[in-house]
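Chemist: Sequences and hints are given; from them, build the entire structure.
Residue numbers 0 to 236, in numbering that gives the first Met the number 0, belong to the letters of the sequence shown in order.
What the hints contain is simulated information worked out from the structure, not anything from laboratory work. Keep in mind that this is a model prediction, so the values were computed, not measured. Any given hint could be a false lead.
[What the hints assert, rightly or not] Under the rule of at most 25 Å between Cα atoms (straight-line distance), these lysine to any residue pairs were calculated in the SDA-like manner: (1) Lys87 with Gln152; (2) Lys87 with Ile17; (3) Lys173 with Gly121; (4) Lys2 with Val84; (5) Lys2 with Val185; (6) Lys1 with Lys140; (7) Lys180 with His43; (8) Lys180 with Gly121; (9) Lys140 with Pro59; (10) Lys180 with Thr214; (11) Lys173 with Phe223; (12) Lys140 with Ser42; (13) Lys180 with Phe119; (14) Lys87 with Pro156; (15) Lys180 with Thr25; (16) Lys140 with Thr25; (17) Lys180 with Gln192; (18) Lys2 with Asp69; (19) Lys2 with Glu151; (20) Lys1 with Glu28; (21) Lys87 with Asp69; (22) Lys140 with Gly121; (23) Lys173 with Pro156; (24) Lys87 with Asn134; (25) Lys2 with Pro156; (26) Lys180 with Gly166; (27) Lys2 with Pro59.
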Amino acid sequence: MKKILITNDDGITSDGIIRLAEAATTFGEVWVVAPDSERSAMSHSITLRHSVEAWECEFPVTGVHAYACDGKPADCVRIGVLNIVPGKTDHVFSGINYGYNAATDLQYSATAGAAFEAAFQGIHAIAFSEEACENHEVTDKYLRGIMVELLEQPLQPGQIWNVNFPGCGVEACKGILRDRKVSGEVFYRDRYQETVVAPGRISYMVNGIRNYEATEGTDLKAIFDNYVSVGIVTNIS
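Modeler: In structure tokens form, the structure reads like this:
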């Protein structure tokens with residue numbers, strides 16, 4: 000039986016990782032090693048100057064072996080693959096992230112970063128994300144089918160599959176677009192709100208402006224047009 004390791008950057012109690020683990024039980028023995036709280040936008044960073052801890056915990060999906068970790072998502076993959084999961088890990092799933100991981104946002108994404116760590120460990124990896132909303136109809140309809148499709152699709156060293164589900168209703172979703180390229184456009188146009196907190200001291204809070212334009216053939220254009228976006232992302236190898 001295949002062994003599937005699951006992690007995320009929203010924390011081990013998030014709705015997305017629970018739904019992902021439940022779907023994954025169809026395909027093998029599922030292990031979860033995930034942060035004990037949110038670790039968004041940590042990219043592929045790992046912990047080097049101090050130890051990380053992991054502990055077995057309860058998880059609401061029957062048969063899943065679950066461990067919370069006080070490290071980062073890439074740490075979770077490293078200790079999961081190298082120490083926690085017995086024997087060979089066949090696949091790593093990262094997500095389902097609350098919010099898209101597409102376009103230039105991928106460079107910040109710890110969802111993608113965890114998947115890239117799996118790729119560096121020589122393990123087939125898929126990152127799953129969806130719009131930051133409470134409508135999961137499209138994800139629930141297509142998730143298992145995409146797993147079936149991608150589990151046996153080979154990847155080159157340093158590559159991951161990246162999947163984004165739109166937050167529209169099923170009736171508005173136009174289907175799946177495959178082979179989507181990573182858009183060079185931004186998902187949010189950067190800006191910071193300034194607040195004077197003391198003389199000579201200013202607080203800066205990110206307050207980006209949502210972009211709604213994207214190039215044809217890209218991941219961003221697909222999700223803007225209410226398609227499920229599937230594509231390969233290549234990191235250094």
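Chemist: Next, verify each hint and record whether it holds.
Modeler: Hint-by-hint comparison with the structure:
1. Lys87 with Gln152: 18 Å, holds
2. Lys87 with Ile17: Judged against 25 Å, a Cα distance of about 23 Å means the pair holds.
3. Lys173 with Gly121: 34 Å, violated
4. Lys2 with Val84: 8 Å, holds
5. Lys2 with Val185: 36 Å, violated
6. Lys1 with Lys140: 23 Å, holds
7. Lys180 with His43: Holds, at about 20 Å.
8. Lys180 with Gly121: OK: lysine 180 and glycine 121 at ~23 Å, within 25 Å.
9. Lys140 with Pro59: 21 Å, holds
10. Lys180 with Thr214: Since the Cα atoms of lysine 180 and threonine 214 sit roughly 10 Å apart, the hinted pair holds (cutoff 25 Å).
11. Lys173 with Phe223: Cα-Cα ~11 Å, so holds.
12. Lys140 with Ser42: 28 Å, violated
13. Lys180 with Phe119: The given pair, whose Cα atoms are some 21 Å apart, holds under the 25 Å limit.
14. Lys87 with Pro156: Roughly 18 Å between the alpha carbons, so the hint for lysine 87 and proline 156 holds.
15. Lys180 with Thr25: 29 Å, violated
16. Lys140 with Thr25: 15 Å, holds
17. Lys180 with Gln192: Violated, at roughly 32 Å.
18. Lys2 with Asp69: 23 Å, holds
19. Lys2 with Glu151: Distance ~14 Å between lysine 2 and glutamate 151 Cα, so the pair holds.
20. Lys1 with Glu28: The hint holds at about 6 Å.
21. Lys87 with Asp69: 24 Å, holds
22. Lys140 with Gly121: 30 Å, violated
23. Lys173 with Pro156: 32 Å, violated
24. Lys87 with Asn134: Given pair lysine 87, asparagine 134 is violated - Cα atoms ~35 Å apart, limit 25 Å.
25. Lys2 with Pro156: Holds - the C-alpha atoms of proline 156 and lysine 2 are around 20 Å apart, at most 25 Å.
26. Lys180 with Gly166: 20 Å, holds
27. Lys2 with Pro59: 19 Å, holds
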